[in-house]
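Peer 1: Generate coordinates for the entire structure from the input sequences, incorporating the hints supplied.
So you can see what is in the structure, the chains are spelled out below.
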Amino acid sequence: MKILVPVKRVVDYNVKIRVKPDGSGVELANIKMSMNPFDEIAVEEALRLKEAGKASEVVAVSIGPAKTDETIRTALAMGADRGIWVKTDEAGIEPLTVAKLLKKVVEAEGPTLVILGKQAIDDDCNQTGQMLSALLGWPQATFASKVVLGDTGVEVTREIDGGLQTLRLDLPAVLTTDLRLNEPRYASLPNIMKAKKKPIDEKSPADLGVDLAPRLEILSTSEPAGRTAGIKVGSAAELVDHLKKAGVL
Amino acid sequence: MADSLPTLLLAEHDDASLNPVTARALTAAKALGAPVHMLVVGENARAAAEAAAKLDGVAEVLLADAPAYAHRLAEPVAALGVALAKEYGAVVAPSTAVWKSVMPRIAALLDVMQVSDVIAVVAPDIFDRPIYAGNAIQRVRATDGKKVLTIRTASFAATGEATGASSAPIRAVEPAGTAAGNAARSSFVGEDIAASARPELTAARIIVSGGRAVGSAENFHAVIEPLADALGAAVGASRAAVDAGYAPNDWQVGQTGKVVAPDLYIALGISGAIQHLAGMKDSKVIVAVNKDEEAPIFQVADFGIVGDLFEVVPALKTEIAKAKA
Ligand SMILES: Cc1cc2nc3c(=O)[nH]c(=O)nc-3n(C[C@H](O)[C@H](O)[C@H](O)COP(=O)(O)OP(=O)(O)OC[C@H]3O[C@@H](n4cnc5c(N)ncnc54)[C@H](O)[C@@H]3O)c2cc1C
Ligand SMILES: Nc1ncnc2c1ncn2[C@@H]1O[C@H](COP(=O)(O)O)[C@@H](O)[C@H]1O
Numbered sequence: 001m002k003i004l005v006p007v008k009r010v011v012d013y014n015v016k017i018r019v020k021p022d023g024s025g026v027e028l029a030n031i032k033m034s035m036n037p038f039d040e041i042a043v044e045e046a047l048r049l050k051e052a053g054k055a056s057e058v059v060a061v062s063i064g065p066a067k068t069d070e071t072i073r074t075a076l077a078m079g080a081d082r083g084i085w086v087k088t089d090e091a092g093i094e095p096l097t098v099a100k101l102l103k104k105v106v107e108a109e110g111p112t113l114v115i116l117g118k119q120a121i122d123d124d125c126n127q128t129g130q131m132l133s134a135l136l137g138w139p140q141a142t143f144a145s146k147v148v149l150g151d152t153g154v155e156v157t158r159e160i161d162g163g164l165q166t167l168r169l170d171l172p173a174v175l176t177t178d179l180r181l182n183e184p185r186y187a188s189l190p191n192i193m194k195a196k197k198k199p200i201d202e203k204s205p206a207d208l209g210v211d212l213a214p215r216l217e218i219l220s221t222s223e224p225a226g227r228t229a230g231i232k233v234g235s236a237a238e239l240v241d242h243l244k245k246a247g248v249l
Numbered sequence: 001m002a003d004s005l006p007t008l009l010l011a012e013h014d015d016a017s018l019n020p021v022t023a024r025a026l027t028a029a030k031a032l033g034a035p036v037h038m039l040v041v042g043e044n045a046r047a048a049a050e051a052a053a054k055l056d057g058v059a060e061v062l063l064a065d066a067p068a069y070a071h072r073l074a075e076p077v078a079a080l081g082v083a084l085a086k087e088y089g090a091v092v093a094p095s096t097a098v099w100k101s102v103m104p105r106i107a108a109l110l111d112v113m114q115v116s117d118v119i120a121v122v123a124p125d126i127f128d129r130p131i132y133a134g135n136a137i138q139r140v141r142a143t144d145g146k147k148v149l150t151i152r153t154a155s156f157a158a159t160g161e162a163t164g165a166s167s168a169p170i171r172a173v174e175p176a177g178t179a180a181g182n183a184a185r186s187s188f189v190g191e192d193i194a195a196s197a198r199p200e201l202t203a204a205r206i207i208v209s210g211g212r213a214v215g216s217a218e219n220f221h222a223v224i225e226p227l228a229d230a231l232g233a234a235v236g237a238s239r240a241a242v243d244a245g246y247a248p249n250d251w252q253v254g255q256t257g258k259v260v261a262p263d264l265y266i267a268l269g270i271s272g273a274i275q276h277l278a279g280m281k282d283s284k285v286i287v288a289v290n291k292d293e294e295a296p297i298f299q300v301a302d303f304g305i306v307g308d309l310f311e312v313v314p315a316l317k318t319e320i321a322k323a324k325a
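Protein chains in written order, with the numbering used here: chain A, 1 to 249; chain B, 1 to 325.
Derived from the structure by calculation, the hints contain no laboratory data.
Check before you lean on any hint, since a few could be wrong.
Said to hold, decoys possible - Below are the DSSO-like pairs computed for lysine-lysine, each with C-alpha atoms no more than 27 Å apart in a straight line: (1) A:LYS245 with B:LYS317; (2) A:LYS16 with B:LYS322; (3) A:LYS32 with A:LYS87; (4) B:LYS54 with A:LYS244; (5) A:LYS104 with B:LYS146; (6) A:LYS232 with B:LYS146; (7) B:LYS291 with A:LYS232; (8) B:LYS322 with A:LYS245; (9) A:LYS244 with B:LYS284; (10) A:LYS50 with A:LYS104; (11) A:LYS54 with A:LYS16; (12) A:LYS232 with B:LYS86.
Peer 2: This is the structure in structure tokens:
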């Protein structure tokens, strides 16, 4: 049983991004990039299923321009068996397009499970897994915080608005990860060395027959309305006075 | 022409009642300029449909009431949405857990790129949305004929009820043909929903949130919750507090938790990481209590107290009781 894990290269979560002064986008030159944190959780979950003897192979796939292979290598260093790189000229491929490309990869690879992150922390779209699942006609469980894999189905506990919900899905299925699913491992030095020898198969969007033309035209990118620091107060009594004056108590 | 077609708003509700975020999403739906129809999908959901019919500006309520829609599983609900979408120029829903799961399915099956988390409707095809945890705002033109939008409800005021006794008509819609087929492949096993007498996070006027510094679930009960109750507030938490098991997952406020904009947000022992700020920085008034005067939360707080939350919170509770007496 094979597990496919789509991983996205994004600006590291610790970086405070800057909007370009001309409003044309976000400054990406010389910025630390990492694997999307939710995708690390997805890789970890796949590896745990493999280590538990429930999966035979973990394949990491990423869609993106030059250096995207570094992110695939990170997944290989964590323990994924091999990688697939759908090489594009630019970053920022829209979720609908990513889902169409992933569908082609799924059709070629035949995984039983696809585990994605629930959300990429750059575009914050929270769409790709659901779109892939719909295009494949497979059942989905988003926001997974616990995954119990059986032979014919998977039971998934999900983080929803009021608490937790458990679903049972037939296989094959698409899952997306939430923060509490697991704590991803760090790649050890020997594993980083080993990862260098693991294969990464390169594909072009044209090979897969998917048109990359975006559907959303980005008109501008701007700074959010800022907030300025207020005042420090010395006591609870003083605070309550201020809150009364502000009309919020 | 797609833009002469009405807008379909998908209601957030629990069958018995309409969630207040629906009235906020309605404000965004109306801004598209077309008549708004509301879909209430669930099992035994007539009560929610009746509440929806009272909201101002709702031309018609579609009620899809069937066992297949219990718990609003993504596959059957998306199939219904796709079947209905033919007659609509836009399909709109609040960004809640249910609709975040359903809407991208609808979008993909319609071959439309969804616009997630709309914070402003600039024109019927132009929208603002936050990216990078709200550290940048993108303005996009959606070029697909149909629009599929999820709404960040904290950014829109609620639409009230229509004046007078007028209610929109409620029309029953049949389950969409493909619903059952797909639904059979995913099924509901159970849920663990904590009943709470407190207001819901996304609807609350005041929120009291605790961070890692609260230290334990017991301290949340003994220190944070009494302050919240004194204020009639909802309780929130940082990711660190949720990860540590001090607070349930659905209390998490932030980029990947709930996004809130109450009148008053009180952050207790929360450092103010960008991922947390992403979920609360549009609150009207922000109060922070933190031992570390350099904590980034103070950069967004209107009023800060540098101090130990275990000393400040009880004192604050006493002062609030005095103020309310
Ligand atoms: C992909 C991703 C998504 C994330 N999503 C979210 C999200 O949605 N929401 C979220 O909150 N975080 C999120 N985070 C985590 C975020 O980066 C921070 O780690 C988290 O917000 C920190 O929580 P905290 O402020 O409670 O803890 P800390 O950063 O540890 O801060 C604790 C604070 O308490 C203060 N303190 C200590 N003792 C006391 C005391 N006795 N009295 C008063 N103050 C005290 C300290 O000075 C410190 O400032 C996410 C991270 C990632 C990578
Ligand atoms: N370019 C990409 N390459 C590989 N996986 C991706 C890509 N974009 C999105 N994903 C996957 O889809 C998830 C959700 O992304 P999004 O819908 O953009 O928020 C991510 O966590 C990844 O697992």
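Peer 1: Does the structure break any of the earlier hints, and which numbers would those be?
Peer 2: 2, 4, 6, 11, 12
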